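Colleague: Using the sequences and the hints, build the whole thing.
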Amino acid sequence: MTAPVRQWSTPDGIREELDLTLFIPCLNEEKRVVPTIETVRAAMDGLAFSYEILVTDDGSRDRTANAVEEYIQANPGVSVRLHRNPGNSGLARSFVDASFRGRGRYIRLICGDNVEPKESMAAILRQLGQADIIIPYYPVVPGKSPSRLFISNLYTRIVNLLSGHRLHYYNGHPLYRRYDVMRWASYNYGFGFQADLLTTLLDEGATWQELAIAAVHQEKGKRTSSINLRNFLSVASSLLEITSRRLKRYFYPSISTGLVARPTLLTPLSPPDPLPIMNDATTREPQYQHSLDLVKESGPASLGLMTNQAWHDDPRHLVFTLSRYKFVAKMLADRAHVLEVGCGDAFGTRIVAQSVNQLTATDFDPVFVADVTRRMDPKWRFECRQHDMLSGPFPGQYDGAYALDVIEHIQPKDELAFVSNIVKSLTKEGVLLLGCPSLQSQGYASPPSKAGHVNCKTGETMRALLSHYFHNVFVFSMNDEVVHTGYTPMAHYLIGVACTRKDA
Amino acid sequence: MNTTPATPPRNTEPTPAGVREELDLTMFVPCYNEEERITGTLETIKAAMAEVPACTYEVIVVDDGSKDRTCEKVAEFQHANPGLPVILRKNPRNLGLARGFVETSFHGRGRYYRLVCGDNVEPKETMVTLLKLMGRADLVLPYYPVLPGKSVVRRAISKTFTFLVDLLSGYSVNYYNGCAIYRRFHVMRWAPYNYGFGFQADLITMLLDEGATHIQVAVSGSHYVKEGGRSPLNFRNFVSTGHTLFEIFLRRVQRIIYPPRPSPP
Numbered sequence: 004m005t006a007p008v009r010q011w012s013t014p015d016g017i018r019e020e021l022d023l024t025l026f027i028p029c030l031n032e033e034k035r036v037v038p039t040i041e042t043v044r045a046a047m048d049g050l051a052f053s054y055e056i057l058v059t060d061d062g063s064r065d066r067t068a069n070a071v072e073e074y075i076q077a078n079p080g081v082s083v084r085l086h087r088n089p090g091n092s093g094l095a096r097s098f099v100d101a102s103f104r105g106r107g108r109y110i111r112l113i114c115g116d117n118v119e120p121k122e123s124m125a126a127i128l129r130q131l132g133q134a135d136i137i138i139p140y141y142p143v144v145p146g147k148s149p150s151r152l153f154i155s156n157l158y159t160r161i162v163n164l165l166s167g168h169r170l171h172y173y174n175g176h177p178l179y180r181r182y183d184v185m186r187w188a189s190y191n192y193g194f195g196f197q198a199d200l201l202t203t204l205l206d207e208g209a210t211w212q213e214l215a216i217a218a219v220h221q222e223k224g225k226r227t228s229s230i231n232l233r234n235f236l237s238v239a240s241s242l243l244e245i246t247s248r249r250l251k252r253y254f255y256p257s258i259s260t261g262l263v264a265r266p267t268l269l270t271p272l273s274p275p276d277p278l279p280i281m282n283d284a285t286t287r288e289p290q291y292q293h294s295l296d297l298v299k300e301s302g303p304a305s306l307g308l309m310t311n312q313a314w315h316d317d318p319r320h321l322v323f324t325l326s327r328y329k330f331v332a333k334m335l336a337d338r339a340h341v342l343e344v345g346c347g348d349a350f351g352t353r354i355v356a357q358s359v360n361q362l363t364a365t366d367f368d369p370v371f372v373a374d375v376t377r378r379m380d381p382k383w384r385f386e387c388r389q390h391d392m393l394s395g396p397f398p399g400q401y402d403g404a405y406a407l408d409v410i411e412h413i414q415p416k417d418e419l420a421f422v423s424n425i426v427k428s429l430t431k432e433g434v435l436l437l438g439c440p441s442l443q444s445q446g447y448a449s450p451p452s453k454a455g456h457v458n459c460k461t462g463e464t465m466r467a468l469l470s471h472y473f474h475n476v477f478v479f480s481m482n483d484e485v486v487h488t489g490y491t492p493m494a495h496y497l498i499g500v501a502c503t504r505k506d507a
Numbered sequence: 242m243n244t245t246p247a248t249p250p251r252n253t254e255p256t257p258a259g260v261r262e263e264l265d266l267t268m269f270v271p272c273y274n275e276e277e278r279i280t281g282t283l284e285t286i287k288a289a290m291a292e293v294p295a296c297t298y299e300v301i302v303v304d305d306g307s308k309d310r311t312c313e314k315v316a317e318f319q320h321a322n323p324g325l326p327v328i329l330r331k332n333p334r335n336l337g338l339a340r341g342f343v344e345t346s347f348h349g350r351g352r353y354y355r356l357v358c359g360d361n362v363e364p365k366e367t368m369v370t371l372l373k374l375m376g377r378a379d380l381v382l383p384y385y386p387v388l389p390g391k392s393v394v395r396r397a398i399s400k401t402f403t404f405l406v407d408l409l410s411g412y413s414v415n416y417y418n419g420c421a422i423y424r425r426f427h428v429m430r431w432a433p434y435n436y437g438f439g440f441q442a443d444l445i446t447m448l449l450d451e452g453a454t455h456i457q458v459a460v461s462g463s464h465y466v467k468e469g470g471r472s473p474l475n476f477r478n479f480v481s482t483g484h485t486l487f488e489i490f491l492r493r494v495q496r497i498i499y500p501p502r503p504s505p506p
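Listed in order, the protein sequences are those of chains X and U.
Here our numbering is used: the first residue of the first sequence is 4, the next is one more, and so on.
Here our numbering is used: the first residue of the second sequence is 242, the next is one more, and so on.
Some hints could be false.
Unchecked claim - Stretches of chain X that chain U covers, calculated by requiring three or more beta carbons in the stretch to come under 8 Å of a beta carbon on chain U: (1) 99-106; (2) 179-190.
Claimed, not checked - Pairs of lysine to aspartate or glutamate, EDC-like flavour, derived with a Cα cap of 20 Å: (3) X:416 / U:263; (4) X:453 / U:313; (5) X:416 / X:463; (6) U:365 / U:265; (7) X:427 / X:391; (8) X:431 / X:506; (9) U:331 / U:276; (10) U:308 / U:276; (11) X:505 / X:432; (12) U:331 / X:316; (13) U:287 / X:417; (14) U:331 / X:207; (15) X:416 / U:292; (16) U:365 / U:277; (17) U:308 / U:277; (18) X:299 / X:380; (19) X:453 / X:317; (20) X:416 / U:265; (21) U:331 / U:313; (22) X:453 / X:483; (23) X:453 / U:317; (24) U:331 / X:15.
Keep in mind that the hints were calculated from the coordinates and are not lab data.
Quick caveat, the model's predicted, so the values are computed rather than measured.
Yeah, the Cβ is synthetic: ideal placement off N, Cα and C, and Gly gets one too.
Modeller: Structure (structure tokens):
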């Protein structure tokens, strides 16, 4: 069963640098943990997602941790991290802890006993981004005893009955948004943990997709039975919580829509598949055939994280953003090597790159740098590096530098350090351009465009800032796409152009 | 200032890689129809932060579905103070204090996290006292030996609640409903289920169960009853508080039956 995709933005307090975190819990799996990692790698080989593998040794008494450490040493190029719990914390608790340690946008648990075939794994992971939760279920499980099948089916029916939802299976290993696990993880760490989490997320309005998967049930030798008093109490507690939430929803319908707090559309980190275009198609007018041929050869261009969002939410915004890049391109035309500070998705960077001999772009956020690198067009290649200008100058010497829509995000107490570090990377003939929304414009700006603005400038403060380091400062006004020298308090945007370093 | 003896400070617990920490402190300021008082609250925060200049911080004001001009007042303050890190978030409708508290912990970027009520009820001196203790323990718990403006009935209810939580949890905390300083990641990791009156008691006892260190600080404050405000004494809060107390008791029973689990990651 499928629901429409409804993704939301990641809160600022969460670090998301990869598409996927794969969590492998292990308890005495010295023989199976390395094959599990290999299976994961094989499954990921066919997928274009960035990922990391987090292995948690949950208090093993055998050589599980050593086996993982040896694997890490032998495979330094593979992103595998090992965490050792000081004792046995249990699967569910380790899963929640791992969601806090991971850096992926999505997270999935992979059992450390290598029970899941590569094909099943790949089939689930391939659905990444199609819904908030991808929930696998297993129509046939060879090797599972009739009594276990009966208990499993009974449990599913009870959860469906109490929660009012209708899933095939609650104890598979779904693919979750990592933030969802962090935010809505249950306190109950027993057998009912996943049912509790899944029903909470469905209560909160998460979208989901169920996926029928082939499974192999594997009985290991000596193993603790899952049918014991502790699990029984824990499951009862989970069922009680599920019922209590349903009652709350019934009596207080307004409390159950948490998604209202995070409605923004999120772009998947990895590029989508190329558009299906028929190989033998031709345009009716020959002059347009090149457009079609280009897409056939190289696929359609991807917009980038911020531009995609602007194109989605406010298409007009793109036009005046790009016009700022065009102004920079005109000012820095024919420069030998130009540095961009705070490039974001670097969508406009190509406009400057078209006019200069060489360009290096930087951003302090590795998510954006990864996005830029992934979308890099060989024809318009430039260097893109992660660097925080507040931490120090960027290596190299540049005869031009610019930072558009950056200074307003820098705390006033840090602005001199920020500009000074850029200036240190400039040659003595170097030119610096700073652009930011005017302070006066903020009264009219929408909340999203104002978010994070702590240091918008007036014409005077822009001039004063650049005059610290340059003899010549020219402040231009912008309204929409038009650059002019008009009255700065009426400008929507300001660009300061500075040259002739005072310390040169 | 009077700090009660505490377990040895522990501030070395590493922050998990998936949590972004770029500042010392995130202050969460919830507002519901606070047009008269929100500017005063932000001015108090500004004055307090000026006395702890080494502390990097952000203020996240969450308008919880106000029907008055609260948002405009915050925007005016932002406009007048462009250098201050004040962020305004708006809930499309009223989601309640506790839920806002948890949600905002995910939006903040501070190492520590504190609720500052939007009704400007806390004196600057109290705020400074607490902020200067930030980092001394995982939890800095304020309590109010004297709280002018609080009725006898409310004081009795408050004391009964504290007594019950102490009894059921086995801890001895002077006050569970003050505006404590938490590690932000702790609020994210151990967020309470119940969004009623007892959410802080649930969170604090959970953190103590998990081995968090704490200090208690006697501070001064005042109690303010908003005209036309909703009384917390209602059936929903009663049920929610009952649920919280049950959870706290259940955890204690669990601790007795099953030995304590390891510390947080």
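Colleague: Now tell me, hint by hint, if it's right for this structure.
Modeller: To see whether the hints hold, each was checked on the structure:
Coverage of the stretch 99-106 of chain X by chain U holds. Counting CB-CB distances below 8 Å, 7 residues qualify, and the rule asks for three or more. Counting residues of the stretch 179-190 of chain X whose C-beta lies closer than 8 Å to any C-beta of chain U gives 5; at least three are required, and the coverage claim holds. Between residue 416 (chain X) and residue 263 (chain U) the alpha-carbon distance is near 16 Å, which keeps this suggested pair within the 20 Å criterion. The hinted pair formed by residue 453 (chain X) and residue 313 (chain U) meets the criterion: a straight-line CA distance of about 14 Å does not exceed 20 Å.
At roughly 17 Å between alpha-carbon atoms, residue 416 (chain X) and residue 463 (chain X) fall within 20 Å of each other, so this suggested pair holds. Distance restraint check for residue 365 (chain U) and residue 265 (chain U): the Cα-Cα separation of roughly 19 Å lies within the 20 Å cut-off, and the hinted pair is therefore satisfied. Between the alpha carbons of residue 427 (chain X) and residue 391 (chain X) the distance comes to roughly 14 Å, so the proposed pair stays at or under 20 Å and holds. This hinted pair checks out: residue 431 (chain X) and residue 506 (chain X) have alpha carbons roughly 8 Å apart, not beyond 20 Å.
With a C-alpha separation of about 14 Å, the suggested pairing of residue 331 (chain U) with residue 276 (chain U) holds against the 20 Å cut-off. A distance of roughly 10 Å separates the Cα atoms of residue 308 (chain U) and residue 276 (chain U); the hinted pair therefore holds under the 20 Å criterion. Between residue 505 (chain X) and residue 432 (chain X), the direct Cα distance comes to roughly 11 Å. Compliance with the 20 Å bound is thereby established for this hinted pair. Between the alpha carbons of residue 331 (chain U) and residue 316 (chain X) the distance comes to roughly 18 Å, so the proposed pair stays at or under 20 Å and holds.
For a cut-off of 20 Å, the pair hint linking residue 287 (chain U) to residue 417 (chain X) stands: about 18 Å separates their Cα positions. Between residue 331 (chain U) and residue 207 (chain X), the direct Cα distance comes to roughly 18 Å. Compliance with the 20 Å bound is thereby established for this hinted pair. Pair hint residue 416 (chain X) plus residue 292 (chain U) holds up; C-alpha atoms about 16 Å apart against a cutoff of 20 Å. For the suggested pair residue 365 (chain U) and residue 277 (chain U), the alpha carbons sit about 18 Å apart, so the restraint of at most 20 Å is met.
This hinted pair checks out: residue 308 (chain U) and residue 277 (chain U) have alpha carbons roughly 13 Å apart, not beyond 20 Å. Of the pairs offered as hints, the one joining residue 299 (chain X) and residue 380 (chain X) holds, with about 15 Å between alpha carbons and a cut-off of 20 Å not exceeded. Note on residue 453 (chain X) and residue 317 (chain X): the hinted pairing holds, with a Cα-Cα distance of about 14 Å set against a maximum of 20 Å. A distance of roughly 16 Å separates the Cα atoms of residue 416 (chain X) and residue 265 (chain U); the hinted pair therefore holds under the 20 Å criterion.
Pair hint residue 331 (chain U) plus residue 313 (chain U) holds up; C-alpha atoms about 11 Å apart against a cutoff of 20 Å. Between residue 453 (chain X) and residue 483 (chain X) the alpha-carbon distance is near 16 Å, which keeps this suggested pair within the 20 Å criterion. Distance check on the hinted pair: residue 453 (chain X) and residue 317 (chain U) sit about 13 Å apart at the alpha-carbon level, within 20 Å; holds. About 15 Å separates the Cα atoms of residue 331 (chain U) and residue 15 (chain X), which keeps this hinted pair within 20 Å; it holds.
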